[in-house]
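Undergrad: As a plain string of letters, each chain reads:
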Amino acid sequence: MGDNIAIKIEGVSKTFWIPKEKRITLKDRFLSFYRRNNYEKFVALSDISFEVKKGESVGIVGPNGSGKSTLLKILAGIYAPDSGKVAVHGKIVSFLELGVGFNYELTGRENIYLNGVILGLKKKEIDTKFDSVVTFSGIDRRFLSTPIMHYSSGMIVRLAFAVAAHIEADIYVMDEVLAVGDVEFQEKSITFFREKLSLGRTLVFVSHDRNAVDKYTNRVLSLRNGRLVSVDNQNMTGGI
Amino acid sequence: MENFKDLLFEFVKADFKLRYKNSALGFIWVLLKPFLMFLILYLVFNFIFKSQDPNYALNLLLGIIIFYFFSESTMRGLTSLWDRSSIILKVNFNRQLVIFAPIINAFINFFFSMTIFFIFWFFAPTPITWWWLIFPVYILILALFILGFSFYASVWYARARDLANIWEVVLSLLFYVTPIVYPINIIPAQYHSMMNINPLTSIIRDSRLILIYGHMPGLYSIIYVGGVGLFLAITGWFYFKKSMKKIAEEL
Chain A
159 MGDNIAIKIE GVSKTFWIPK EKRITLKDRF LSFYRRNNYE KFVALSDISF EVKKGESVGI
219 VGPNGSGKST LLKILAGIYA PDSGKVAVHG KIVSFLELGV GFNYELTGRE NIYLNGVILG
279 LKKKEIDTKF DSVVTFSGID RRFLSTPIMH YSSGMIVRLA FAVAAHIEAD IYVMDEVLAV
339 GDVEFQEKSI TFFREKLSLG RTLVFVSHDR NAVDKYTNRV LSLRNGRLVS VDNQNMTGGI
Chain B
69 MENFKDLLFE FVKADFKLRY KNSALGFIWV LLKPFLMFLI LYLVFNFIFK SQDPNYALNL
129 LLGIIIFYFF SESTMRGLTS LWDRSSIILK VNFNRQLVIF APIINAFINF FFSMTIFFIF
189 WFFAPTPITW WWLIFPVYIL ILALFILGFS FYASVWYARA RDLANIWEVV LSLLFYVTPI
249 VYPINIIPAQ YHSMMNINPL TSIIRDSRLI LIYGHMPGLY SIIYVGGVGL FLAITGWFYF
309 KKSMKKIAEE L
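In order, the protein sequence lines correspond to chains A and B. In short: position in the first sequence from 1, add 158, done, that's my numbering. In short: position in the second sequence from 1, add 68, done, that's my numbering.
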């Protein structure tokens, strides 16, 4: 296998058995015991294969239900594929959501630490990056000891993004969450992507919005009904 | 994962802070709750039923504190996976931490609630012997039971939310089938071996034997509870690990 491959996906499939009614209590389980075939088969991904080279910025697009979230979760290691192989070379970090683990009753400082360790940082690393995170977020230091429930939603997003921007990895897998927010925020995230790419990092960006993906990536994979329908290389000149 | 320790520490810290935030007495509740429970049971059983045991207060208090540790940590261990589902669905990290964090918190509470026991002990001291050193071993064994239970039950709880209600009832049953408020000798001898199957019976009896009577605990019982506890924790660990592959689809 070449040294320049960051992610190699081979024949990955994933099927979900979705209960027609969510059976969450024992009573539901016992009742449904008499009613068989209560599950609906849903093929989220079927036989997906592709490669992402190191330093590439790849977008994955598709309408709702096309399987891109499932693919994202498989890349993030949250779902295991039913079949097929996923090989990742290098340290991978996934942002399916900003500010994972944020608790509204905890202070800004506490949330930086909590979110940071959840994303794989060591406490010492957060200690050294702390000032830089706060500066990046643009949040007034006076508010660091305030529970974030008193923050505006913009402040919370900025804080979450600031932590995310300080995570070092070889491969970044991101949901479209990073593209939301106001113009200033979008500028920030474009700068973030550009910096990572200039350092030779690999990006995988997932969205249902083709325009957003075009902005950030130079190759686009389209998913439809769990299948890879096209690989579009025409965007080489675009991107960031 | 290399930041295992730091992540665990942050989880424990967050749990701890959230628990005592917005409460006037805060951490004092950790001491107050078992003490109030003790007071109620002491009044009922000592004054109404007139216990003959001169060490009744100490026995009862120690039993309550140990049982309270068990019930609190199993209740929290049970819901732990579900409680953190929002993180589990978004980030891949070592899932076992989610089980460890609430148990460590319950242990911290246990550790501090032991101070009430020692305050009582101070006013009516019993002999300190070398056997006291074995007491932590019993707590460790109890922790193995709690861990093993949590490994299994947290996964089941994700599938059937009834489990919390069922376990609550089981806990109140356990409280009375374990000799905590009454001495075991009021139960006919032929039932003793049956009661000894309950590991809480052995753990509480031997803890009292050590801390209150300064005696050597039975070797047989420590091997029994230690063995069962270890078995439960190890099989639970494998079960939990196996279940984690699919857990994101069940939460």
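Just so you know, these hints were derived from the structure itself, not from any lab. Being a predicted model, the structure only gives us computed values, none of them experimental. C-beta: ideal position from N, C-alpha, C; glycine also. Some hints here could point you the wrong way.
Quick partial rundown of chain A residues pointing at chain B, CB under 10 Å, derived from the structure [claimed, not checked]:
#1 G169
#2 V258
#3 G274
#4 L302
#5 T304
#6 I348
#7 R352
Pulled from the structure, derived: some chain A residues nowhere near chain B, Cβ distances all over 12 Å [claimed, not checked]:
#8 I163
#9 E255
#10 T265
#11 N273
#12 K280
#13 R300
#14 L355
#15 K373
Undergrad: What hint numbers does the structure not satisfy?
TA: Violated: hints 1, 4, 5, 6, 7, 9, 10, 11, 12.
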